[in-house]
Every structure is written in C-alpha cells, then in structure tokens.
Amino acid sequence: MNFFNNISNILDKYTGLLLKGLGYTMLIALVGTVIGLIIGLCTGIIRTIPTSKNKAVSIIQRCVNALISVYVEVFRGTPMMVQAMVIYWGFAFANGGNTLPLIPAGIFIVSINTGAYMTEIVRGGIISIDKGQFEAAYSCGMNHFQVMLYVIIPQVMKNILPSVSNEFVINIKDTSVLNVIGVMELFYQATKIQTMTYQIFETYLVVCVIYFIMTFSITRLLRLVEKKLSGSNSYTICGSQSDPNAEIRVKEGQ
Amino acid sequence: MKRIFALILAVALMLCTFTSCGGRDQFDMSEVNSLSDLDGAVIAAQTGTFHLDALTAQTEGVDVKEYPDFTQLLTALNSGAIDGYVAEEPTAYAVIAQNPGLSYVALKNNDTGFTATDADTGIAVAFKTGSAYVATVNEILAGISTETREKLMQQAVTMNANPDEALTEALALVSSNTNTSNGTLKIAMECAYAPFNWSQTTDANGAVKIQGSDLYANGYDVQIAKYIAAEMGMSLEIYSAKWEALITGVQAGTYDGIIAGMSPTEEREAEVDFTDCYYNSNLVIIYKK
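Residue numbers (our numbering), protein chains in the order written: chain A, 1 to 254; chain B, 1 to 289.
For reference, chain A alone in the conformation it holds in the complex:
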C-alpha cells in the first residue's frame, strides 16, 4: 500500500514538473524530427544531382558531397550525449561564459543528429525509386530540382514514412540524454523529483509509463497516416476506354 501512496504522492505533488517535462520532450522531439527531415531531404536532393560536365562545377559538387559525408559520419558516429556536452560547453568557452538558451540548444542538437540519420534514410528512399521514373522525368525536360520535387520526393516520402516515424519515437526517448546539459525535459524532471522524494523506483516507474504512453500513441497515429497514404484497398483498373466490361474491380480482402 505504501508503494501506491508514494506513486500518488509523486503524481499529486509533482504534476506540474512532469507535465512541463512532457511538454518540452514532445516539443524538442517533434521540432527536431521535422528539422532533421528537412535537412535529410535537402542533403538527399543535393547528393543525387548528376555530376556536371563543367569541371569547376563538378569540383564544387564533389566538395559539397564530401562535406555532407563528413557531417553524416561524424554525427552518426558519436553519441548524442557527447555531442550535447561538446556543443553546449564549447559554445560557452568560445563566448566568454554565455551559454546557449537550453530549449533551442536541445532542439539544435536533436535536429542535426536526426538530420544525419535522415540523410541516409532519404538516400535509401531515393535509391529505391525505379530508374525509369528519373529517365521519364528528365526526358520531359524537367531539371533536377523539378524531378525531385514533383516526381521523386512525393514517392520517397511515402516510402520512408515508417523510418521517419521510427526516428520520431527514438527522438522522444533520446531527448532524455539532454539532461546532461540541464534541458528540462521529462528525464531531467525525474532526476529532480527523485532527489526530492528519495524514491527512485516509484519516480522512474511513473516516468516510464508517461514515456510509453507518448511513444505508443505516436506510433498508432503515424500508422494511421501510413494507411491513409497507401490509399483505399478497393479500386478499379480500367482495361479499356471503350469497353465497360474490361474493368477489373479489386475489392478489399480479395
């Protein structure tokens, strides 16, 4: 019974802190994932530009591609906790003790970290699109950005959505490492609460449930979006423009 009392005490006394932590966690994870996706799309588009015949342009292209590779390798190859420490305190030492504001710093760190992963996810998405689609679009006279914007990226978005939602869920959990620089997300609030209650197990159990509710509802929500994007299961294939009997009707479950 004591156990349940402790839990209800924590919920009662520290609701404000927990809700605030939850809010910051969601904010950082959501904005971080969106910015990360934008970074991923941009780098994906830049990386797939066909090599120019002009010598000078092709050298610039190669340099940009090399920079993107370095960015991806460095941010994918080091833990986010370490990146947070390096960026936050590096900035403070470089600017005479002025530290980055915490929430924007958190969003920045999550964004560039996610961006590195997204770059690879988007690249995979673009590779998975049939080569014929590029050729058809180019032969229509589109330039690279038009091809990407109107033909490839819409298909890529649908294909990579499961990976993106996966990344979002990972981000919700991974914002917890930002507690090392003092970002007031959910895990940080939990560390604060446990020093006030001296009840590690109860505090983290509450936080554990909150995290799970967050990630579970997000995965369900994004599953719905995926379903919506993949379209209806009942559709009609028109076999002929003149003969109405040539239609093939596909119904759900068949």
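The hints are simulated quantities; they were obtained by calculation from the structure and are not laboratory data.
Possibly wrong hints are sitting among the right ones.
Claimed, not checked - Label pairs and their in silico Cβ distance ranges:
1) I59(A) - C16(B): 54 to 60 Å
2) G206(B) - F216(A): 39 to 45 Å
3) S79(B) - D130(A): 32 to 38 Å
These numbers were taken from a predicted model, which means no experiment stands behind them.
Cβ coordinates follow ideal geometry from the N, Cα and C atoms, glycine included.
Here the structure of chain A is known, so what remains is to put chain B in place on it, guided by the hints.
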C-alpha cells in the same frame, strides 16, 4: 546439430544469469566501531569523490561499490545491494531524518575513521582561478563562528525533513546588509545534496529560486551563499548544474562561483581557486538497522 548446440548454449547462459540473482548474506554493521571491523562488508561511495578514494585506499577486505549519485546509494542500501555507504556526517543526519530504518556509524576522522585532511572533508567556496572574490569571501567566512555553522547545519537538517514547513526559529545566519548595488553573484550547485543544498517546490524558509526552473533551492550552502552575496552587497542568483559541470561552468564564466558542499582537493585546486572552508565534517557510514 548446430541448432541443438546453440540451444544448449542459450540455456547455459540463462542459467548463469539466474545464479547471480541469489540472495546475499547481510553484514552486521551495528558492531562496527572502526574501519578494520568492516572486513567482509559491501560498502559503496559516490563516484568521483574523496569518499570513494578513501574507501578504496584505507580499508581492507571491503567489497567496494560505486554509484553516480546519492539517491542511488540510498536506493541500493534500501534494496539490500550494499551493506552501507560512505557519506559526510550532515548527509547522514538528513538521510536518517527521512528514513527511520537507517542508522550510521560515527567514525571520527583521523581517529577511528578515515585519515583525512580539511581539504578532503571540509567544504569551501570555489571561484575562477585568480578571482578577487576569494579574499573578500575569506573575510566574510572568518566572521561566521563555529557555533553558528553548527546551528545552521542543524537547521538545514530540520528544514530538509519538511522543506515546505516554516522553521519555528529564525535562521542562524542572516546578513543585515540589504544594499545590492554591486551587481549579481551567480552561484552554481547541484541542488540535490541534502542538507547542503536541495530542491523544493516552495520558497519556504528563505529558499532561492533556481534560475530557469520552477523549483527553489535551499540548504546550508544556499544560506551561506545568501549571506556571502548580501555581505558583498550583491544580489544572488542560484543555478542548478550537474556535479561534473560545476567546475567547467566556472571556468567558462557561466557561473561566478560554486557553493556546493565541494571539498578543496588538490585536483580541484588545480582547476579553480578555493576559499577557506565554511564547514568541516567527518566521514561516516550509513547502514540499515
């Protein structure tokens, strides 16, 4: 054949895992009077502290464990994973006030207990190397008598037991200076090391708002910080930071000083400048009755 072999290996691995779950014989701590009586006990200390160094170097036959923070030491003790842990005497008062099932062995430094200098177990204020504040603060600290220090520590322990309840008596250390024209003094602490400094949800007992947080800091360190800031004619800002980030923050200039129950050890002295000690305590071992 390969599949069967893999299966057998997996079962063996699982069995190995389960064997480590077996119960542990508890060590009787109530009979301990000196360090040599600890032979055979499982004792823990906080990572990166003098407590851990002393435990490792000055005891024999002790199974030494380490945990990153005090709440985890306490949880480990309550769960039976360890027989006791090393702490400063004031911490023991605070912990026992909140956990009636615990007790502590009062080991006196350099007598029945650990061999330690003031630099090991005293606590001092830290400033950036070369700071002019050190001399000023030393003068202020010299004016606080040992009785006042002890009284304030007792009050801090009482306040910690019920952080939201007002003390019945006045605080032992209050500055009469109300002029704050000399700027702001930015002080960092963990806000998680009762009774030196802790976080609470109200501003009871003169707790100070933690910058950028909804919580308030109070404790022995906070009262000392308030007194120092007031005597220097400055307004006080309290920042909550991780233990590892305290010294870095002062070096970077993010905080002006550290008042966090920090002992002026040789290694830290190389990084920051310390004032004289504002409290001296003995190391004790907290155990379950």
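Results for each hint:
At about 58 Å, the beta-carbon gap between I59(A) and C16(B) stays in the expected band of 54 to 60 Å. With their beta carbons about 44 Å apart, G206(B) and F216(A) fall inside the hinted range of 39 to 45 Å. The beta-carbon spacing between S79(B) and D130(A), approximately 58 Å, falls outside the hinted interval of 32 to 38 Å.
Going through the hint list in order, the structure does not satisfy hint 3, though it satisfies all others.
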